[in-house]
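This is what each chain is made of:
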Amino acid sequence: MRLGKAALLGVAIAAAGLTVAASAQAQNEQFIPGLVYRTGAYAPNGIPFANGVADYYALVNERDGGINGVKILYEECDTGYATDRGVECYERLKNKGPTGAAYFNPLSTGITFALTEKAPVDKIPIISMGYGRSESRDGSVFQWNFPLLGTYWSAADIIMQHIGLKEGGFDKLKGKKIALVYHDSPYGKEPIALLEQRAKMHGFEFMPLPVTHPGVEQKATWLQIRQKRPDYVLLWGWGIMNSTAIKEAVAVGYPREKIFGVWWSGAEPDVRPAEGGAKGYQAAMLQHGAGQFGVHAALKKYLYDKGKGVAKWEETDEVLYNRGLVNAMLGVESIRTAMKKYGNKPMTGEQVRWGIEHLDLSAARLKELGFEGMLQPLKVTCADHEGTRAGRIQQWDGKKWVVVSDWYQSDDKVIKPMVDAAAKKYAAEKKLPVRDCSKES
Amino acid sequence: MLGPFLETLIGGLLTGVLYSLVALGFVLIFKASGVFNFAQGAMVLFAALTVARLTDEIDGKALGLEHFVIAAAILGAALALIAWYAWREYVARGSGPDQRRKLALLAAGGALIGGVVAFAYGKGAWPLWLALAATASIMGLLAYAIERLVLRHLVNQEGIILFMATLGIANFLDGFGQTLWGSDIYTINLGLPKNPIFLFEEVFPGGLLVDPAELFAAGIAAVLVIVLAVFFQKTRVGRALRAVADDHAAAQSVGIPLNTIWLIVWTVAGLVALAAGVIWGAKLGVQFSISLIALKALPVLILGGFTSVPGAIIGGLIIGAGEKLSEIFLAPILVQAFDLAGGGIENWFAYMLALVFLLFRPQGLFGERIIERV
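If you're matching them up, the sequences are chains A and B in order.
So the first sequence is numbered by our numbering: it starts at 2 and just counts up by one.
So the second sequence is numbered by our numbering: it starts at 96 and just counts up by one.
Just chain A, with the same shape it has in the complex (with noise of 0.2 angstroms):
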């Protein structure tokens, strides 16, 4: 019993010892926090993902050394996309490294918005690439949160223009039914309000089908699209339910064409399951898609080739794994940005998110990432938080990803007064001031 608790004794040095040693070289690094999903329900869309930003961040700190020098140390938690177990892993990793998480990436909407509350407290940034809150992007009121690239409001906005070009101008839309089948969550529920406005101002019937989490039981949703036959079905899906969704479509009959699917539907695990029934299937692109670019070059001479990605190497032209480098890749950018106005050291998320906040990337830097090809050029400001809102409609030919359509833009004659109003309103009710963005350099 004595020579147990002697031992004990000894691990515990030596485990204070080791933590002390961590803690001195670990005081240039720069924390980054995943929060991910590599199990239950959406592991299918959240592993490649996840492997994405993971490969990202390695080869920075094996290409380039770490961001001007300083080394990024990456954790993951797994949430399961359970909002409860994200705000645990948030909690959790908010004050590590020596500066804290330098920003969260909840990658679930439901996340995004526990987190919006909590972020200015802590005061640490919330990229939400392509999802999140669609009035988030209004700086002035929500200053820590970057739906970079796209909301939800211009992801519907982009479908539906594509649906109204197709169908010869958006007056052909009047007396048309347009259904939505959407994940029954915070999430699925985003475009509801955009879509409204379309269908109030081009006279079509929307219909709101939802689906409970999470989304294997679809057989009533596709037998109301049966007896109802709408013209167009919007899918705002995640995980498991996208590919059901396909498959119930098979086995009503519904054709696949007609199918749009937001861009979080849009990649191969949605897909493939349904084997040849998701021909035909169009999604839209948060920018990129699938196939490999500048930067897969340099993934695979700095790691794949040494055995150090995560992936493997035939996954990494996959749509998440691209949307996943893209995400690290924005982080790390915004980082770099903060850093020429406070210097190359590790960065704070108040840092960070004057950083966000002032990116500014041009084609020629994305060229010089290694992102010709994936993006458009982008530009954050204190009013937008977006960025960019384009995006393109890709098709599923049986095999792989092809885009079908060319750039389109949201429209923010609509998007605005609707982002306005609705920032406008969160502000007013959770009591919070409003920057002047005029102000702002």
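Hint data in this document are derived by calculation from the structure and do not stem from the laboratory.
Every residue, glycine too, gets a C-beta built ideally from N, C-alpha and C.
It is possible that part of the hints are untrue.
Claimed, not checked - Among the chain B residues that face chain A by a calculated CB cut under 10 angstroms, a handful are:
(1) E102
(2) G106
(3) E242
(4) D279
(5) T282
(6) P291
(7) W375
(8) G415
(9) I423
To be verified - No farther apart than 20 angstroms at their CA atoms in a straight line, the calculated lysine to aspartate or glutamate pairs in the EDC-like style are these:
(10) B:K289 / A:E276
(11) A:K414 / A:D385
(12) B:K289 / A:E258
(13) B:K289 / A:D398
(14) A:K97 / A:E30
(15) A:K400 / A:D413
(16) A:K259 / A:E206
(17) A:K426 / A:D437
(18) A:K95 / A:E76
(19) A:K301 / A:E276
(20) A:K201 / A:E30
(21) A:K229 / B:E253
As the list claims (entries may be wrong) - If the Cβ cut is set under 10 angstroms, some of the chain B residues that face chain A in the computed set are:
(22) P99
(23) G277
(24) Q382
(25) S421
Once you've looked at the hints, dock chain B against the given chain A.
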């Protein structure tokens, strides 16, 4: 109006049969041991994952050789165990040659068969029949492990303790299955027709839509129910199972081995899980969410009674039809009448339906009436 109503009813009934399949596994174990097996959903997922991964041939995502070797080794070991068990029975009845040598020989034989299988199919996907056989063996072994490692140590404990133990098994299986086989969406191809059938097209505009895959699933479920009914009523083991269910102590006193009975019951429940997993997997793709289907079996059990095989079937049909009809016809009325925010009602409606039934029949539709004297 009649057309859509009938179509929804048929779709709901067929989905209900699939719920019944999962509920059956619960009923079997509860009937024979009084344990509410929370791990049934996890067993469905585990079985489906195993079949899907052994038959997997999606390009670029094929399994490594080691998985096939492990599966083949398990298949061989299971064969060896069965042979050993049969041999021991034989030896017990009459005198025979040295048992140990025979055991070693048989185990080696089983391993050899496993090795041959691994070699023959190691480089690619297994044919469905072989994957099913291997998975059935694995489910048998799993039942053995559960009985040996968990249940045996908990004999004579409260029901709630056993229930908690199955909670642990459920979490273990969920995690272990995904660690071993991965958590992507995998497919099981039974070669079922995917395009819908339309009935009575001359009576209803557009006809009544029926999903052929679900019809097939309903057929399998019907066969399973008949087999299980015969098994329970006509065979010696079945009678022993019923005796154990009625009274553990009395059954043991007349020489029915409790441990063997539990092993058999868990194996049968494992096989039912396999059937449910393969059918659900073929319909939805195999992924973690399959284990959540078990939650759909709960209202079925509440409604049908925990101890009745026909109850699980009828309960499944009522829940399946009830939730689909409510989602399509009741939800819009509720939303309009009470100015609700909207949202799917089928998930909670199934439970409400079951609770309403409980008000009138606390033991469920076909459950045994509990009379206890104080």
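Now the hints, each set against the structure:
1. Using the Cβ-Cβ criterion of 10 angstroms, the hint placing E102 (chain B) at the interface with chain A is satisfied: the shortest such distance is roughly 6 angstroms.
2. Using the Cβ-Cβ criterion of 10 angstroms, the hint placing G106 (chain B) at the interface with chain A is satisfied: the shortest such distance is roughly 5 angstroms.
3. Proximity of E242 (chain B) to chain A is violated relative to the hint, the smallest CB-CB distance being about 28 angstroms (cut-off 10 angstroms).
4. With 10 angstroms as the threshold, the beta carbon of D279 (chain B) comes within range of chain A, its nearest partner Cβ sitting at about 5 angstroms, so the hint holds.
5. Checking T282 (chain B) against chain A by beta carbon gives a least distance of about 6 angstroms; that is within 10 angstroms, so the hint holds.
6. A hinted interface residue such as P291 (chain B) counts as satisfied when its beta carbon comes closer than 10 angstroms to some beta carbon of chain A; here the least separation is about 5 angstroms, so the hint holds.
7. The interface hint given for W375 (chain B) holds, since its Cβ lies 8 angstroms from the closest Cβ of chain A, which is under the 10 angstroms cut-off.
8. Interface hint status for G415 (chain B): upheld, as the beta-carbon distance to the closest one in chain A is roughly 9 angstroms, under 10 angstroms.
9. Evaluation of the I423 (chain B) hint against chain A yields a held restraint, the C-beta minimum of about 5 angstroms falling below 10 angstroms.
10. For the given pair, K289 (chain B) sits about 11 angstroms from E276 (chain A) by alpha-carbon distance, which is consistent with the 20 angstroms threshold.
11. For the suggested pair K414 (chain A) and D385 (chain A), the alpha carbons sit about 15 angstroms apart, so the restraint of at most 20 angstroms is met.
12. Restraint check: the Cα-Cα separation between K289 (chain B) and E258 (chain A) comes to about 18 angstroms, which is no more than 20 angstroms; the hinted pair holds.
13. For the given pair, K289 (chain B) sits about 19 angstroms from D398 (chain A) by alpha-carbon distance, which is consistent with the 20 angstroms threshold.
14. This hinted pair checks out: K97 (chain A) and E30 (chain A) have alpha carbons roughly 11 angstroms apart, not beyond 20 angstroms.
15. For the proposed pair K400 (chain A) and D413 (chain A), the alpha carbon gap of about 35 angstroms is over 20 angstroms, so the pair is violated.
16. Between the alpha carbons of K259 (chain A) and E206 (chain A) the distance comes to roughly 16 angstroms, so the proposed pair stays at or under 20 angstroms and holds.
17. Restraint check for K426 (chain A) and D437 (chain A): the C-alpha separation of about 17 angstroms stays at or below 20 angstroms, so the hint holds.
18. As the CA atoms of K95 (chain A) and E76 (chain A) are separated by approximately 11 angstroms, the hinted pair is consistent with the 20 angstroms bound.
19. At roughly 30 angstroms between alpha-carbon atoms, K301 (chain A) and E276 (chain A) are farther apart than 20 angstroms, so this suggested pair is violated.
20. Pair hint K201 (chain A) plus E30 (chain A) does not hold up; C-alpha atoms about 52 angstroms apart against a cutoff of 20 angstroms.
21. Restraint check: the Cα-Cα separation between K229 (chain A) and E253 (chain B) comes to about 53 angstroms, which exceeds 20 angstroms; the hinted pair is violated.
22. Taken as an interface hint, P99 (chain B) checks out: its beta carbon lies about 5 angstroms from the nearest beta carbon of chain A, inside 10 angstroms.
23. For G277 (chain B), the interface hint holds, since its Cβ comes within 10 angstroms of a Cβ in chain A; the closest pair sits about 9 angstroms apart.
24. Evaluation of the Q382 (chain B) hint against chain A yields a held restraint, the C-beta minimum of about 5 angstroms falling below 10 angstroms.
25. The criterion of a C-beta within 10 angstroms of any C-beta in chain A is met by S421 (chain B), whose closest approach is roughly 8 angstroms, and the hint holds.
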